[in-house]
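Participant: Based on the sequences and whatever the hints tell you, model everything.
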Amino acid sequence: MKTVNIMIVGVGGQGSLLASKLLGRLLVDEGYDVKVSEVHGMSQRGGSVVTYVRYGDRVYSPLITEGEADYIVSFEKLEAARWATCLKPGGTVIVNTQQIDPMPVIIGKATYPSDILDELRAKGVEVEEVDALSTALEAGSAKAVNIVLMARLAKRLDIPREKWIEAIGKSVAPKFVEMNEKAFALGYDK
Amino acid sequence: MKTLMIGNEAVARGLYDGGIGLVSSYPGTPSTEITEFLAEYDGLHSEWAPNEKVALEVAFGASLAGVRSACAMKHVGLNVAADPLFTLSYTGVNGGLVICVADDPAMHSSQNEQDSRRYAIASKVPMLEPSDSAEAYEFSRAAFELSEKYDTPVLLRMCTRVAHSRSIVEPGEREVPEKKKYVKNPEKYVMMPAYAKRRHPIVEDRTKALAEFSENCPFNRVEMGGTDIGIITSGTSYNYVKEVLGDSVSVLKIGMTNPLPDKMILDFASKVKKLYVVEELEPVIEERCRIIGLDPIGKSLFPMIGEFSQKTISAAFGIEDAPTVRADTEAPARPPMMCPGCPHRGIYYVLAKKKITVLGDIGCYTLGAQPPLCAVDTTLCMGASVSGTHGFLKASAPDAAKRTVAVIGDSTFIHSGVTGLINVAYNGSPSTVVILDNSITGMTGHQQNPTTGYNIKGDPASKVDLEALCRAVGINRVRVVDPYDLDECERVLTEELEADEPSVVISRRPCVLLKYVKAASPLAVDREKCRSCKRCMGLGCPAISFTDGKASIDATLCVGCGVCGRLCPFDAIGGKGETK
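If you read the sequences in order, they're chains E and V. If you count by this note's numbering, then the first sequence holds residues 1249 to 1438, one letter each, in order. If you count by this note's numbering, then the second sequence holds residues 975 to 1554, one letter each, in order.
Quick caveat, the hints were computed from the structure, so don't treat them as lab data. For every residue, glycine included, the Cβ atom is placed at its ideal position computed from N, Cα and C. Warning: the hint list may mix true and false statements.
Cut-off 20 Å, straight-line C-alpha distance, at most; resulting in silico cross-link-like pairs (PhoX-like, lysine-lysine) [stated by the list, open to error]:
1. E:K1357 / E:K1391
2. V:K1237 / V:K1247
3. V:K1247 / E:K1250
4. V:K1153 / V:K1123
5. V:K1285 / V:K1328
6. V:K1182 / V:K1237
7. E:K1430 / E:K1403
8. E:K1391 / V:K1489
9. E:K1357 / V:K1508
10. V:K1162 / V:K1123
11. E:K1357 / V:K1524
12. V:K976 / E:K1411
13. V:K1524 / V:K1508
14. V:K1098 / V:K1171
15. E:K1438 / E:K1411
16. V:K1248 / E:K1336
17. V:K976 / E:K1418
18. V:K1248 / V:K1227
19. E:K1391 / V:K1492
20. E:K1430 / E:K1411
21. E:K1423 / V:K1489
22. E:K1418 / E:K1430
Per label pair, the in silico range of CB-to-CB distance [claimed, not checked]:
23. V:E1178 / E:G1417: 51 to 61 Å
24. E:S1382 / V:P1484: 43 to 53 Å
25. V:V1196 / E:K1357: 47 to 57 Å
26. V:S1274 / E:S1382: 53 to 63 Å
27. V:R1501 / E:K1357: 47 to 57 Å
28. V:D1179 / E:M1249: 46 to 56 Å
29. E:G1417 / V:A1096: 44 to 54 Å
30. E:K1357 / V:K1329: 17 to 27 Å
31. E:E1278 / V:G1365: 54 to 64 Å
Facilitator: Here's what the structure looks like:
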């Protein structure tokens, strides 16, 4: 099979590391060769963060570069646009509708581009907007935004739903399993 | 069982299965998780040391006692540990000793791009360099045996993309060799000139023996493919070469970076038409090729700066870029910044307001250099704020002391700021040193340190009394402030800057990301009262933005620290915010 490339992007502190851990574990259990690349350290302090997840028969590079991503799952609108250059033509963006202003916008040195998702659509990108925060709150915690977004990705990947549920059970602390399973169900069935 | 591990976890597991009995480290991205994962295992002693030099010396002590030991550090940490490293090369080891060093090409979280392979060559210590987590496991596990067989410490070189990438590992079982006996042997371990002179030839002979080993080391391997192009590569670069070129080229994959296998390289070169060396940062392999008479294409084609990716390889070999999507609007940059409620913000606000020259240090608080605070003048290395300020004042007009401070975190102060402070007292400069005591090592992801009162396992431990320590080294003026209280900070800083003798101001409040720190309810802006003066915006708090002509607070980000409220001249900030 051809290697599938997924990027998980967002703002440091939003919980993208758990999402990539969950996805990675699931893909290994499914028998794929997997590489996941994360960035720890300084950019976790509110900076733009990106995690690469690649799976297939044999994966060498842990990175995804321009024109290679099949899916971008973004925790924040502007970050979806920032990393869109990594998309393949015909690639898909799943984006949480949350807006977090970066410092240059906060201090008035730049403006937050309001119609940036439409711009991507005009370029032929399939953009799925998800109000993941509302769904997460419905499930019981704003922290479940990552699971809601993973559920939307799950709809598009060829892995049975119950395998995702299994992987959630293995990836989160026992007391949060129920809440995260609910978030996954709400996200998946939207 | 197949598991997905980040490279650092694989190193930890490899060292564990290899029989490690002690690990001592100082945290540093991208090396930190090696020690954190080791601390989760039983059957060995793990600890955070005050700095990398101490860590390596502790590991040496354990090795001397006959136990397999290790330490982990980032590339610049090896500068600090270089002193013991170079002489450990002479003494050799008793129990196996592994030094894990993680480079950070592209400086994701570092102040320079130094290449640790240069240290291996300079100190004549063998170096292994894995490409993924499976190799990280295998190499770390094997490193102990190598260390004992050749009586030398072994360097294990990681880089960000190996340390922080997850790939599949199939770990084995832990095997702990019998503890070796410590036998007194001054000629081996007392490195005074007479004995050291006898050790040096042993080091040179060992290097020759290691070079022979490298020729047959399974970590160096040839993967023959097309013979028009032959590529010598190592570490993460190997992944990019294989990703782009696959079997269309032949590859000499180097896993033992020092000493390099000269015969293997010459033999490989003879089998291919055109020879390339693909390596991040310094031309280490390329230079060796030139020494042995080859003329490969290396840094004339591949960058010396930053990290590689598959793009680097395709660009170099003229492979066309994949078509891509580009939005017309440029996305504004999103630099990292201090968190909402960060206790460092208050101090920086006051320093920026007073237009103070700030010699900074290494930690989250380096982020105070960015707009809008722009409060930091220098960042050099761990501890340089304190010693640098002393030198700056000695070379400046006397009144400069009223406009200059050193700013350093609690962990960094213990790492190497305290020696600078001793110098301030001893050689007498009216320096003002601000210790940002947030009760944790922050930037690297919350490690305990000697000032927190807890050890690496989270158990209670002896706690440095910072005030008493500063007084003991000869600082008579030691003050403590709450960085959320801007008025107090300004008053105390002004007094201490005016003082004609050295002083220390401890800004004390725990990092807001610590679990035990409970966030207050978020604040909100009363739009009626807000006069749009933008004073609160000067704090550079990510939770505060300016919308529809008025300040507004994002309740999902705000932790209710109240610093902006204290700043507002119109009392417009308070109450309970609502989720945006």
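Participant: Determine for every hint whether it applies to the structure shown.
Facilitator: Evaluation of the provided hints:
Simply put, K1357 of chain E and K1391 of chain E have alpha-carbon atoms about 30 Å apart, too far for the 20 Å limit, and the pair is violated. Restraint check for K1237 of chain V and K1247 of chain V: the C-alpha separation of about 17 Å stays at or below 20 Å, so the hint holds. As the CA atoms of K1247 of chain V and K1250 of chain E are separated by approximately 31 Å, the hinted pair breaks the 20 Å bound. Only pairs whose Cα atoms come within 20 Å are accepted, and K1153 of chain V paired with K1123 of chain V is accepted, the gap being roughly 15 Å.
Among the hinted pairs, K1285 of chain V with K1328 of chain V is inconsistent with the structure: their alpha-carbon atoms are about 47 Å apart, more than 20 Å. Between K1182 of chain V and K1237 of chain V, the direct Cα distance comes to roughly 13 Å. Compliance with the 20 Å bound is thereby established for this hinted pair. A C-alpha spacing of about 16 Å is found between K1430 of chain E and K1403 of chain E, which places the hinted pair at or below 20 Å, so the restraint holds. With a CA separation close to 15 Å, the supplied pair K1391 of chain E and K1489 of chain V stays within the 20 Å bound.
A threshold of 20 Å between alpha carbons decides the hint, and for K1357 of chain E with K1508 of chain V the separation of about 14 Å falls inside it, so the pair holds. Among the hinted pairs, K1162 of chain V with K1123 of chain V is consistent with the structure: their alpha-carbon atoms are about 16 Å apart, no more than 20 Å. Distance check on the hinted pair: K1357 of chain E and K1524 of chain V sit about 16 Å apart at the alpha-carbon level, within 20 Å; holds. Using a Cα cut-off of 20 Å, the hinted pair K976 of chain V and K1411 of chain E holds, with the two alpha carbons roughly 17 Å apart.
Distance check on the hinted pair: K1524 of chain V and K1508 of chain V sit about 8 Å apart at the alpha-carbon level, within 20 Å; holds. In summary, the hint linking K1098 of chain V to K1171 of chain V is supported, as the alpha carbons are separated by about 15 Å, within the 20 Å threshold. The suggested pairing of K1438 of chain E with K1411 of chain E holds, with an alpha-carbon distance near 19 Å, which does not exceed 20 Å. Taking the CA atoms of K1248 of chain V and K1336 of chain E, the gap is about 33 Å. The hint is violated against a cut of 20 Å.
About 15 Å separates the Cα atoms of K976 of chain V and K1418 of chain E, which keeps this hinted pair within 20 Å; it holds. The hinted pair formed by K1248 of chain V and K1227 of chain V meets the criterion: a straight-line CA distance of about 16 Å does not exceed 20 Å. Only pairs whose Cα atoms come within 20 Å are accepted, and K1391 of chain E paired with K1492 of chain V is accepted, the gap being roughly 16 Å. Distance check on the hinted pair: K1430 of chain E and K1411 of chain E sit about 15 Å apart at the alpha-carbon level, within 20 Å; holds.
Taken as a hint, the K1423 of chain E and K1489 of chain V pair is honoured in the structure, with Cα atoms around 17 Å apart against an allowance of 20 Å. With a CA separation close to 15 Å, the supplied pair K1418 of chain E and K1430 of chain E stays within the 20 Å bound. A hinted range of 51 to 61 Å for the beta carbons of E1178 of chain V and G1417 of chain E is consistent with their spacing of about 57 Å. Between S1382 of chain E and P1484 of chain V, the C-beta spacing of about 32 Å breaks the proposed range 43 to 53 Å.
Look at V1196 of chain V against K1357 of chain E: about 53 Å separates their beta carbons, and that is inside 47 to 57 Å. About 55 Å separates the C-beta atoms of S1274 of chain V and S1382 of chain E, a value consistent with the hinted range of 53 to 63 Å. Range check, R1501 of chain V to K1357 of chain E: Cβ separation about 24 Å, and the 47 to 57 Å hint is violated. At roughly 52 Å, the beta carbons of D1179 of chain V and M1249 of chain E sit within the given window of 46 to 56 Å.
For the pair G1417 of chain E and A1096 of chain V, the beta carbons lie near 50 Å from each other, so the given range of 44 to 54 Å is met. Distance hint check for K1357 of chain E and K1329 of chain V: the Cβ-Cβ separation is about 21 Å, which falls inside the suggested range of 17 to 27 Å. Between E1278 of chain E and G1365 of chain V the C-beta distance comes to about 59 Å, which sits within the given range of 54 to 64 Å.
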